[in-house]
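Engineer: Could you build all of it, start to finish, from the sequences and the hints given here?
Protein chains in written order, with my numbering: chain A, 147 to 420; chain B, 391 to 550.
These are computed hints drawn from the structure, not numbers from a lab.
Check the hints yourself; a few may be wrong.
To be verified - Partner residues are not named here, just some residues of chain A that face chain B (Cβ under 10 Å, in silico): (1) Phe168; (2) Tyr171; (3) Ile270; (4) Lys279; (5) Val308; (6) Pro312; (7) Leu318; (8) Asp322; (9) Arg341.
Ideal placement from N, C-alpha and C gives every residue a C-beta, glycine not left out.
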Amino acid sequence: MRNLLIRYKRFLMTAVFLLAAFLTYALNLRNKENANPLERAMMTVTKPLAGSTAAVSGTAGDIWSNYIDLLEVRQENIELRKSVKLLNERMVANNEAIVANARLKALLELKGAVAIPSIAVSVIGEDSSAWFKTLVVDRGSSDGMLEGMPVVAAGGVVGRLVKVAPHSSRVLLLTDHASAIAAVVQRSRARGVVRGAGGGRCSLEFTVKDEDVKVGDTVISSGIGGVFPKGLPIGEVTMVKKGEYGVFQTIEVRPAVNIGKLEEMLVLVRQSIE
Amino acid sequence: MIAYLKITGVVLAACLLQMTLLPRYLLDPFQPNLLIVLVVYLGLKMPHRLAGVAAFGLGLLQDSFSGIYLGLHAFSYLCIYTLLSGLADRLYTDNRALFVLVVFLATVFSALLNLLMLAIFSVSKGVYASLLPALIPQALVNALVASLFSGVRLPVEEAR
Numbered sequence: 147m148r149n150l151l152i153r154y155k156r157f158l159m160t161a162v163f164l165l166a167a168f169l170t171y172a173l174n175l176r177n178k179e180n181a182n183p184l185e186r187a188m189m190t191v192t193k194p195l196a197g198s199t200a201a202v203s204g205t206a207g208d209i210w211s212n213y214i215d216l217l218e219v220r221q222e223n224i225e226l227r228k229s230v231k232l233l234n235e236r237m238v239a240n241n242e243a244i245v246a247n248a249r250l251k252a253l254l255e256l257k258g259a260v261a262i263p264s265i266a267v268s269v270i271g272e273d274s275s276a277w278f279k280t281l282v283v284d285r286g287s288s289d290g291m292l293e294g295m296p297v298v299a300a301g302g303v304v305g306r307l308v309k310v311a312p313h314s315s316r317v318l319l320l321t322d323h324a325s326a327i328a329a330v331v332q333r334s335r336a337r338g339v340v341r342g343a344g345g346g347r348c349s350l351e352f353t354v355k356d357e358d359v360k361v362g363d364t365v366i367s368s369g370i371g372g373v374f375p376k377g378l379p380i381g382e383v384t385m386v387k388k389g390e391y392g393v394f395q396t397i398e399v400r401p402a403v404n405i406g407k408l409e410e411m412l413v414l415v416r417q418s419i420e
Numbered sequence: 391m392i393a394y395l396k397i398t399g400v401v402l403a404a405c406l407l408q409m410t411l412l413p414r415y416l417l418d419p420f421q422p423n424l425l426i427v428l429v430v431y432l433g434l435k436m437p438h439r440l441a442g443v444a445a446f447g448l449g450l451l452q453d454s455f456s457g458i459y460l461g462l463h464a465f466s467y468l469c470i471y472t473l474l475s476g477l478a479d480r481l482y483t484d485n486r487a488l489f490v491l492v493v494f495l496a497t498v499f500s501a502l503l504n505l506l507m508l509a510i511f512s513v514s515k516g517v518y519a520s521l522l523p524a525l526i527p528q529a530l531v532n533a534l535v536a537s538l539f540s541g542v543r544l545p546v547e548e549a550r
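Structural biologist: Rendered as structure tokens:
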């Protein structure tokens, strides 16, 4: 028997191992969803190793992908900067278009409100010295402009044309010292002449002391002289001073139009000086 | 010929700057008058027989872009040129500080002469109220500009 065992030892061992393997498999079939002690032990032992390996592998993967990403980020950054610049330019252009639209709409409303033919002009230059107040506009005698024609903007009177060239003209602003416009105080109908006082200011002159003029009164063109049509807003009274001596009051007027921000204006073409 | 064309270019650029760009970015009394700097330059450094005509021309050019009185600046610039060309022989005109100082004084002189002319011959009552407060800032700004350009030589001078 012993000899038989020795003789077939190899086959028997193989059969035993196979049987053990088969029995292990067969016995665990019933309990296939639960870990047996061996599995638990193996899992417990291998867990730290598997975790570390996974962490190292993840870090290495991250570093690699970050490096690859970094290579693309610079190019992407340049492209994004370009698109930000483009979008900013578009935004500024859009805002400018909105503002221009509002301005032109106001000018169009004015054109409808004034029952006199008019030509729209744009400012292309300003006075080259500090003490005179004139503007250069982009239309001239070839467009039907003549010296003396009144110039108005959405807020009211701007001035009148002087020095007309074929394709450009100069506008003498109502704030220039050489400017004088016959005017009337809208509320009390007190008459006077609005003269430029420089520095964006005007004064209402030749209004006698007896006339009723108060701060806040609106001054409009009187139509006398035939240059400016009657009823155009000129400005608002900001100061009234009745001195002890003299016949006239000292009245300061703030122009209705913001002279410093003029861009488009209307020239009233019917009112011409021969 | 090319030198004179270059000068014309300089003058036109100065005019355009004064009329368009500078008023947009600088407040009223702080806008430099580049033409008066040129007139002072002519008076001090260019004793050419046509330089007086050039100074007068620069004044007319200034009048074409400023105010409504043609000839006002032309007269004052010619006065400044005459005065400076008469004094130039007795001054060390290569001194930069002198150039800056003369630009300052010329601005003041020109403004006062303009004021006198306006007071006597025009109806611009109260123009002094705009002119006088702006006088010193304007003169200082012109002097500053002159100090920046004091080392620059016009092409004609270079050719000579």
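Engineer: Hints first: check each against the structure and report whether it holds.
Structural biologist: So, going through the hints one by one against the coordinates:
no. : hint   : verdict
1   : Phe168 : violated, 96 Å
2   : Tyr171 : violated, 91 Å
3   : Ile270 : holds, 7 Å
4   : Lys279 : holds, 8 Å
5   : Val308 : holds, 5 Å
6   : Pro312 : violated, 14 Å
7   : Leu318 : holds, 6 Å
8   : Asp322 : holds, 8 Å
9   : Arg341 : holds, 7 Å
Comparing the model with each earlier hint shows violations of hints 1, 2 and 6; every other hint is respected.
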